[in-house]
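In the order they appear, the protein sequences are chains S and E.
In terms of this note's numbering, the first sequence is residues 6 to 118.
In terms of this note's numbering, the second sequence is residues 87 to 196.
Hints are not guaranteed to be accurate.
Some chain S residues near chain E, calculated using beta-carbon distances under 8 Å [stated by the list, open to error]: (1) GLN42; (2) PHE44; (3) GLU47; (4) PRO49; (5) ALA50; (6) LEU51; (7) SER54; (8) GLY65; (9) PHE67; (10) PHE70; (11) GLY100; (12) VAL106; (13) VAL107; (14) GLY111.
Calculated Cβ distances over 10 Å to all of chain S for the following chain E residues [claimed, not checked]: (15) VAL90; (16) LYS104; (17) THR112; (18) HIS127; (19) ARG130; (20) PRO147; (21) SER153; (22) SER161; (23) LEU185.
Straight line, CA to CA, 30 Å or less: simulated DSBU-like cross-link-like pairs of lysine-lysine [claimed, not checked]: (24) E:LYS151 - E:LYS97; (25) E:LYS104 - E:LYS151; (26) S:LYS105 - S:LYS77; (27) S:LYS77 - E:LYS104; (28) E:LYS97 - S:LYS105; (29) E:LYS97 - S:LYS76.
Because the hints were derived from the structure by calculation, they are not lab data.
Owing to the predicted nature of the structure, the values given are computational and were not obtained by experimental measurement.
Quick reminder that beta carbons are idealized off the backbone N, C-alpha and C, glycines included.
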Amino acid sequence: QQQVRQSPQSLTVWEGETAILNCSYEDSTFNYFPWYQQFPGEGPALLISIRSVSDKKEDGRFTIFFNKREKKLSLHITDSQPGDSATYFCAASGGTGGYKVVFGSGTRLLVSP
Amino acid sequence: EAAVTQSPRNKVAVTGGKVTLSCNQTNNHNNMYWYRQDTGHGLRLIHYSYGAGSTEKGDIPDGYKASRPSQENFSLILELATPSQTSVYFCASGGQNTLYFGAGTRLSVL
C-alpha cells in the first residue's frame, strides 16, 4: 500500500519551461511535506518543504502548491534549467506516523537545452 | 555541515550469507533511518530509530534487522541475504524535519 504517490514517473521539458510534478497522499494526519532532489550517484537532499497549515511555499524558482482537502500537492519549477535534471521525491511525515518519513516513487525530470 | 557516512559503498554478497551495512552520523540527531531504493518504488523505509538502543520497523522490515548501539551508529543486518535484496541502500539522520542522507551502499546478492 503506497501512502505517497507521485506522477508522472518521468517528465521532459525544454529549458525555460515550467515543470509540474504531482504528489498525493493517503494519511490525512500527515502534516509535513518535504521534496527531495537526487542526482545520479548521490543521496537525496532536501529541496523545499511545506507544512499542512500553508497552501503555498516559494523558494526562488521552486514553488509547492498544497491542497489539504484533496490531499494533493505539486512542485512547480519555473524557468527550468538543465542543472535541474534530477529525480524528485515527495515525502510526508507527522501526525500518527510521528517521525516516520514516507517517500513517493519519484519523478525523473529531464530538462533539455 | 551535516554528515552521514555509509560503509561499504559497494558490496557483493552470496545468497545465504550475512551482510552488515554501517552508518555513522556526526549530526547528533536522535532519529536515523534505513531506506532501499529500487526503480519504480522510490525510497522504501526498512527500519528507523529514535535513539540509542531503539529500533522500529518501517514498511518493509522482513529479512532485515537493525541495530543502534550509539547515537552515532545505526547498522542494517541481512542475516540470510537473498537476490531480492539486491538494491541501493540509503541511511539518513533526522534533524528538525530534515533528513540528511548518506551517499548510499550498492549491494548485489548473487
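Here is how each hint holds up against the structure:
{"no.": "1", "hint": "GLN42", "verdict": "violated, 11 Å"}
{"no.": "2", "hint": "PHE44", "verdict": "violated, 11 Å"}
{"no.": "3", "hint": "GLU47", "verdict": "holds, 6 Å"}
{"no.": "4", "hint": "PRO49", "verdict": "holds, 5 Å"}
{"no.": "5", "hint": "ALA50", "verdict": "holds, 7 Å"}
{"no.": "6", "hint": "LEU51", "verdict": "holds, 5 Å"}
{"no.": "7", "hint": "SER54", "verdict": "holds, 7 Å"}
{"no.": "8", "hint": "GLY65", "verdict": "violated, 18 Å"}
{"no.": "9", "hint": "PHE67", "verdict": "violated, 16 Å"}
{"no.": "10", "hint": "PHE70", "verdict": "violated, 19 Å"}
{"no.": "11", "hint": "GLY100", "verdict": "violated, 13 Å"}
{"no.": "12", "hint": "VAL106", "verdict": "holds, 6 Å"}
{"no.": "13", "hint": "VAL107", "verdict": "holds, 7 Å"}
{"no.": "14", "hint": "GLY111", "verdict": "holds, 5 Å"}
{"no.": "15", "hint": "VAL90", "verdict": "violated, 8 Å"}
{"no.": "16", "hint": "LYS104", "verdict": "holds, 25 Å"}
{"no.": "17", "hint": "THR112", "verdict": "holds, 15 Å"}
{"no.": "18", "hint": "HIS127", "verdict": "violated, 6 Å"}
{"no.": "19", "hint": "ARG130", "verdict": "violated, 7 Å"}
{"no.": "20", "hint": "PRO147", "verdict": "holds, 12 Å"}
{"no.": "21", "hint": "SER153", "verdict": "holds, 19 Å"}
{"no.": "22", "hint": "SER161", "verdict": "holds, 17 Å"}
{"no.": "23", "hint": "LEU185", "verdict": "violated, 6 Å"}
{"no.": "24", "hint": "E:LYS151 - E:LYS97", "verdict": "holds, 18 Å"}
{"no.": "25", "hint": "E:LYS104 - E:LYS151", "verdict": "holds, 11 Å"}
{"no.": "26", "hint": "S:LYS105 - S:LYS77", "verdict": "holds, 19 Å"}
{"no.": "27", "hint": "S:LYS77 - E:LYS104", "verdict": "violated, 41 Å"}
{"no.": "28", "hint": "E:LYS97 - S:LYS105", "verdict": "holds, 27 Å"}
{"no.": "29", "hint": "E:LYS97 - S:LYS76", "verdict": "violated, 40 Å"}
The earlier numbered hints that this structure contradicts are 1, 2, 8, 9, 10, 11, 15, 18, 19, 23, 27 and 29.
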